[in-house]
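Next come the chains, spelled out residue by residue.
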Amino acid sequence: MRHLLSAADLDRDQITEILDLAEEMSLVQGRPVKKLPALRGRTVVNLFFEDSTRTRSSFEIAGKWLSADVINISAKGSSVSKGESLRDTVLTVAAMGVDALVIRHHASGAPWQASRWIDAHVLNAGDGTHEHPTQALLDAFTIRRHFRRSVDDQLNFEGKTVAIVGDITHSRVARSNVLLLNTLGAQVILVAPPTLLPSGVESWPVLVCNDFDQVLPRADIVMMLRVQRERMSGGYFPTPREYTIGYGLTRPRLGAMKPGAAICHPGPMNRGLEISADAADAANSLILDQVAAGVSVRMSVLYELLGGGE
Amino acid sequence: MLRSSFTALGYRPDAVLRRVASRPRGGLLSGTGAPHAWSGNSDPAVNAGSEPRPDGASLESRLVMNADQIARACARMAHQILEANQGANDLVLMGIPTRGVPLAHRLAKVMDELESVRVPVGALDVTMYRDDLRRQPTRAVGHTDLPVEVEGSTVVLVDDVLYSGRTVRAALDALGDLGRPRVVRLAVLVDRGHRELPIHADHVGSYVPTRTGEHVSVRLAELDGINQVTIEPGSGPDRGES
Numbered sequence: 001m002r003h004l005l006s007a008a009d010l011d012r013d014q015i016t017e018i019l020d021l022a023e024e025m026s027l028v029q030g031r032p033v034k035k036l037p038a039l040r041g042r043t044v045v046n047l048f049f050e051d052s053t054r055t056r057s058s059f060e061i062a063g064k065w066l067s068a069d070v071i072n073i074s075a076k077g078s079s080v081s082k083g084e085s086l087r088d089t090v091l092t093v094a095a096m097g098v099d100a101l102v103i104r105h106h107a108s109g110a111p112w113q114a115s116r117w118i119d120a121h122v123l124n125a126g127d128g129t130h131e132h133p134t135q136a137l138l139d140a141f142t143i144r145r146h147f148r149r150s151v152d153d154q155l156n157f158e159g160k161t162v163a164i165v166g167d168i169t170h171s172r173v174a175r176s177n178v179l180l181l182n183t184l185g186a187q188v189i190l191v192a193p194p195t196l197l198p199s200g201v202e203s204w205p206v207l208v209c210n211d212f213d214q215v216l217p218r219a220d221i222v223m224m225l226r227v228q229r230e231r232m233s234g235g236y237f238p239t240p241r242e243y244t245i246g247y248g249l250t251r252p253r254l255g256a257m258k259p260g261a262a263i264c265h266p267g268p269m270n271r272g273l274e275i276s277a278d279a280a281d282a283a284n285s286l287i288l289d290q291v292a293a294g295v296s297v298r299m300s301v302l303y304e305l306l307g308g309g310e
Numbered sequence: 001m002l003r004s005s006f007t008a009l010g011y012r013p014d015a016v017l018r019r020v021a022s023r024p025r026g027g028l029l030s031g032t033g034a035p036h037a038w039s040g041n042s043d044p045a046v047n048a049g050s051e052p053r054p055d056g057a058s059l060e061s062r063l064v065m066n067a068d069q070i071a072r073a074c075a076r077m078a079h080q081i082l083e084a085n086q087g088a089n090d091l092v093l094m095g096i097p098t099r100g101v102p103l104a105h106r107l108a109k110v111m112d113e114l115e116s117v118r119v120p121v122g123a124l125d126v127t128m129y130r131d132d133l134r135r136q137p138t139r140a141v142g143h144t145d146l147p148v149e150v151e152g153s154t155v156v157l158v159d160d161v162l163y164s165g166r167t168v169r170a171a172l173d174a175l176g177d178l179g180r181p182r183v184v185r186l187a188v189l190v191d192r193g194h195r196e197l198p199i200h201a202d203h204v205g206s207y208v209p210t211r212t213g214e215h216v217s218v219r220l221a222e223l224d225g226i227n228q229v230t231i232e233p234g235s236g237p238d239r240g241e242s
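Sequence lines, in order, name chains A and B.
The first sequence begins at 1 in my numbering and counts up by one.
The second sequence begins at 1 in my numbering and counts up by one.
No lab work stands behind these hints, which were simulated from the structure alone.
Distance windows between CB atoms, simulated:
| hint | chain 1 | residue 1 | chain 2 | residue 2 | range |
| --- | --- | --- | --- | --- | --- |
| 1 | A | 259 | B | 118 | 34 to 44 Å |
| 2 | A | 30 | B | 87 | 25 to 35 Å |
| 3 | A | 82 | B | 152 | 50 to 60 Å |
| 4 | A | 40 | B | 60 | 36 to 46 Å |
Taking beta-carbon pairs under 8 Å as the criterion, some of the chain B residues facing chain A (in silico):
| hint | residue |
| --- | --- |
| 5 | 134 |
| 6 | 135 |
| 7 | 136 |
| 8 | 138 |
| 9 | 141 |
| 10 | 177 |
All C-beta atoms, glycine included, are put in the ideal place defined by N, C-alpha and C.
Bound conformation, chain A alone (with noise of 0.2 Å):
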């Protein structure tokens, strides 16, 4: 594996062994002295053209815990703001000879155009409406953990529903999540009004649905995407308030869903609008566990892709 850039590039043995690398990472996490040796002398430079906390600080964690030193660019308060290209960019760090690239940003594609570029790995960590990878990753091992009943436990995703729920439309996690659960043999529901549903949603391999109640009590898992703000006057739907009545994970929802299951939430959560603060803080709520997978599968990413000999 050379650069991850969609989680389409990954079949169901990579995404396993991605995932049962990143079970041995996360014991790091309880150790006294939280760092491998795995990545010693080699650089890893976080570019970041969006505001990212956890997707950006969980890459950082990750390389540090490598011993990959990692460096922090952020469009704001570098040439990126004076006007430079992303091509100028991407040929710039490169040029001082980085191992690994790490790219967020606001147009979808752009970390595989920097691929086509350097030589350096790239590894997408957002673009625009169209992947996220890592998360999907994450939330696949936050799930994994969830139901498996050992360490041992070779969980079979065949059989689990997944429902995700909100702006499926604008969502990069949405389309990541897609992908990779359909290569574990997942089921995914996409349940979200017509507005939020991109065109071409039937040639995904999911099920579509317009009635979150009637979706709630068949998911093993419910995954709450935040709407964003921009998204609140741009005519998707009527009011924030319309909108948690018929998409929000509320206090009676929590009540309707299959027992057994659990909530996710990519994060950052808007509480009270897609997610109450009663699903947020709940028992089975997995958003927290989503946090701390982000950096154990982001170190097992970075393993993956830079561990090894040229």
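Given chain A's structure and the hints, the job is docking chain B onto it.
Using the frame of chain A, we list chain B on its own:
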């Protein structure tokens, strides 16, 4: 003649007899059963690092330990570990994956039978501490399992084959990140010589002189369905070993 030459080495005559007795049915034994192929000599000065005899080249695999010999070696090592530690106090056995882990469990089982003590057994993966990560494609990482805190304990690292010593060096680094044991010892089933680092095993099942190009294959029932140690002729240095 063969028997006397072995007993002259002065170690484990029972194993020698066993080997002689097992030869006729040993289909894996290559023809002559050249004396140097197996040595019960426990003195590392004699064998460790020494060049194998030039006439020892074989194109077939040679059996150097059978199931009984492996069992006796494990029993003896378990005794020696308890003796050196004066009991099982603060003892932790850490197997190095893959085959060090079942070996560590075997040692613990013998200790339980001997002194009715439950010695904690763990696994210590050293992949990410290796010095040759860059020399090949990304290596699969094994499982690390710490049964108890190693701080202040006596840790016995257990591996199947001791070769260059690089795996043990990596294991010492890995262990250091988990805590500070009071003592670290090393137990290996086979010491095949050719050390590249100043590392020495405290407890050895068998010293097996080899050529650098050969491959020592340890197979254990837990993983491979059979208990045996063979030397396979190889074309080049085997990097998978330690």
